[in-house]
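Required output: the full structure, derived from the provided sequences and hints.
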Amino acid sequence: MQEYQKVIARLERLARDRGLSFDPVFFRLTDSDEIAEVASMGLPNRFVHWLWGGAYKELSIQQAKEVFSILELVLNTSPSYAFLRHTNTYLQNVLVIAHVYGHVDFFRNNHWYRKSNKNMLNEAELHARIIRAYEAKYGREKVEELLNQMLTVATSVNAFERNPAERHKRLIYYLEEKFWESLRRRLQEALGLTDAELDQLALTEDVMDRLPADAAELVLKTHLLRMIREEAEYFDIIQRTHIINEGWATFVEAELLREILSTREWATISVQLSNRPAPYTIGYTLFKHIRDARGFDEVLRVRRDYDDIRLVDAVLTEEMVQRLDLFVYDPKEKSKSYDLHQVKDMLIAQKLYKGEPHIEVEPGDGGELVLRHHEEDKKLDPKRIERFLRAVRGLWGPNVRLWANGKCYPQPPAA
Amino acid sequence: MAAARRAYDGMRIRRGRIAQSKHDHLLREYIKNNLNDLIQQKELIVDGRVKTQIATLDLPTLKYGEEVPVLAQGQGGQGGGKGAGKGGQDAGGEMQMLGGILGGDHHGRELRVELDFDEFVRLAQEVLIGQMELPAFHEPVGQGEVESEDIAELDDLDRIGLRADLNLEETMLHSLRRNARERGVLDFDVDIQQDAWYFVEDPSSFENHRSVEIYVLDISGSMRGEYLSLVRKTIFVLWYYLEQRYPTNLRKYVVFQDVAEEKSRDEFFSVESSGGTHISAGFEKAMELLEGVTEYDKFLFLFTDGETSSSDFDLAKRRYEEALERFDLVCYGHVNPGGRSVGGFSEHVQEAARRHPSATFANLTDLESVKGAMAEFLNFFKERAGRRPCRSIRR
Ligand SMILES: [Zn+2]
Chain A
1 MQEYQKVIAR LERLARDRGL SFDPVFFRLT DSDEIAEVAS MGLPNRFVHW LWGGAYKELS
61 IQQAKEVFSI LELVLNTSPS YAFLRHTNTY LQNVLVIAHV YGHVDFFRNN HWYRKSNKNM
121 LNEAELHARI IRAYEAKYGR EKVEELLNQM LTVATSVNAF ERNPAERHKR LIYYLEEKFW
181 ESLRRRLQEA LGLTDAELDQ LALTEDVMDR LPADAAELVL KTHLLRMIRE EAEYFDIIQR
241 THIINEGWAT FVEAELLREI LSTREWATIS VQLSNRPAPY TIGYTLFKHI RDARGFDEVL
301 RVRRDYDDIR LVDAVLTEEM VQRLDLFVYD PKEKSKSYDL HQVKDMLIAQ KLYKGEPHIE
361 VEPGDGGELV LRHHEEDKKL DPKRIERFLR AVRGLWGPNV RLWANGKCYP QPPAA
Chain B
1 MAAARRAYDG MRIRRGRIAQ SKHDHLLREY IKNNLNDLIQ QKELIVDGRV KTQIATLDLP
61 TLKYGEEVPV LAQGQGGQGG GKGAGKGGQD AGGEMQMLGG ILGGDHHGRE LRVELDFDEF
121 VRLAQEVLIG QMELPAFHEP VGQGEVESED IAELDDLDRI GLRADLNLEE TMLHSLRRNA
181 RERGVLDFDV DIQQDAWYFV EDPSSFENHR SVEIYVLDIS GSMRGEYLSL VRKTIFVLWY
241 YLEQRYPTNL RKYVVFQDVA EEKSRDEFFS VESSGGTHIS AGFEKAMELL EGVTEYDKFL
301 FLFTDGETSS SDFDLAKRRY EEALERFDLV CYGHVNPGGR SVGGFSEHVQ EAARRHPSAT
361 FANLTDLESV KGAMAEFLNF FKERAGRRPC RSIRR
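If you read the protein sequences in the order shown, they are chains A and B. Counting in my numbering, the first sequence runs from 1 upward without gaps. Counting in my numbering, the second sequence runs from 1 upward without gaps.
By construction, these hints were calculated from the structure, which means they are not laboratory data.
Selected chain A positions facing chain B (Cβ under 8 Å, derived; list incomplete):
no., residue
1, 37
2, 52
3, 278
Glycine residues also receive a C-beta, built at the ideal position from the N, C-alpha and C atoms.
Written out as structure tokens, the structure reads:
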């Protein structure tokens, strides 16, 4: 790590000179394996799930193949932690360090990030411990099945949504609320607690032990779902600011490196910068445009106030769509459209629901859960519907319906 | 620094690996449950990997159907950053679907099941060996209690019953005979206590054993799913036994219709059917590939529906006879998923193989028949073992 201290100090100074600010950053030199591990789990020490195992496998294969990897990893915590691959060359790690300063500045200053849970690293570890305890108590299979089901509905979180009525339409919040209502009733009956006491109540071991045995399942579900939702919200913020965050980090990386690299090195790097995955290049292009059109102060303002949707909506132009070669592809017609509005709408829709179909909970009576897909013109893959409904039933109970593809799943019994 | 690193690594809980083993456990279950569908894919290997159409090792989140318009980026926009291709299926042309990528996290991402071909083969073998109730090899030597200084004592080895020294052919045949005798069924229900035979010879006599295996596939007929499935299953099970026997397996692949062509492994497992049938061409190419091969045991495995064109019949017969001379063993698989009676050129081979010690014929109709074919194949080793100075001792 010693060899990097000088360049770290220099890059940090350059970043601050430009008006960036951040919490202390700890860089850690590590191997591809740990990088693949943290990148696939999202947070180190998070509970172990097979889903991360698949991502980990892919990443380790990819990391092993690539001599050169700039997969950068920064945790949104205070202080921030960032990882450098020790098999990278010095220059490659310098790239990563410069990029990291973009991210940590974003974590500290972006409006949406300020609401994020900087303690998630520790909370995730606590969650993992609780989950292990539940596994010991209720059996690993039972807990894993519930986790599968909950992770399935967890894509419906929206950490930016503050309106309770809107949140209520999203499946995971709806379920959490209903679970909690039922549990509250049981707690009231069993322990005679007041509403105020209930609001303060933490789901600790001794509370649970005072509940009648048949409430155990409800406690398990409520508690697991709450933890899954909290973690999902942490990742949701990352997703909803993916373009702006990566674009900003790449922009900062370029700004800082230009200062310290030779012309020749800079030329190589700038080719490499335009060769990155889409969120990086889209965001990077947008920031460069803002700098050129409106100056550096405006750049700082945008990184502070915007999220992906607003950035795309406010900055993307016809010309950039062409240059980035972004288009809406219609597989039926095999046609491409570079129309600015279409591309923008599609990008925004994708950010709103993270590329997932827009499903809402319909108001209904207590026993039944009715879901509706809200873009009637878009067909859902019918093969997945049954599996999805099975997962939701595992949480809710047998009475679950989904309106999609112009019909009701499952078909209601003929009257 | 290095020492500190090691100490840290030693303590680290490898959560990634634990998660992966959970994932792989589910993956095995999935492969096992879907082996038939997977093995029948026309393009079994793409870029050295087996891809699956059925997405299942993901969470059952809802997804759009295939016909819904998507946001995409052409290659002019960027170089398609590494690991970015997860967004969706190939839409033809140089473009990349951006759906999953813009999400940025693994939640809800399409995790298509995809694995190394070698890994797939290993899993398939495990399933097939199980389904056919063939004896499986366990961990190779060097595991557990048999690893001791006394290993030179061959009698001890014999007594311990080291699995790697199991004379599989002899054991299987013995089991077959015993089951026929005792239960009236032709079954490899190996009872190790009763049936096991072991090699007790000096293992160094094996060390120069290498095999050249030439796989010849008739692609003229309709390459229906079952056809491919039978061929591939047979090959995978063959590999299982051949790899145990030979430290080196030199494999060559040929496909033929009117003409024959050598193919790479990946091409061999991703073929389209076409053309008429000249079985003679398949034999010719196989023999051509033997040029310069000397110190190997030479195997030819040919898979066909036997319907060679009538003009080719006599030539094919001659080439077959020649191949029998050139190869140590010529295994002819009549691929017959419909289970019809054997006709055409296959009928000829079926007759000829009975008379010839280095020929086997298998009517591949179902998994059960693959099992029969394996018995015949393994019988070759048994007979040859008889011709060689290696001693098999009945326990
Ligand atoms: Zn980044």
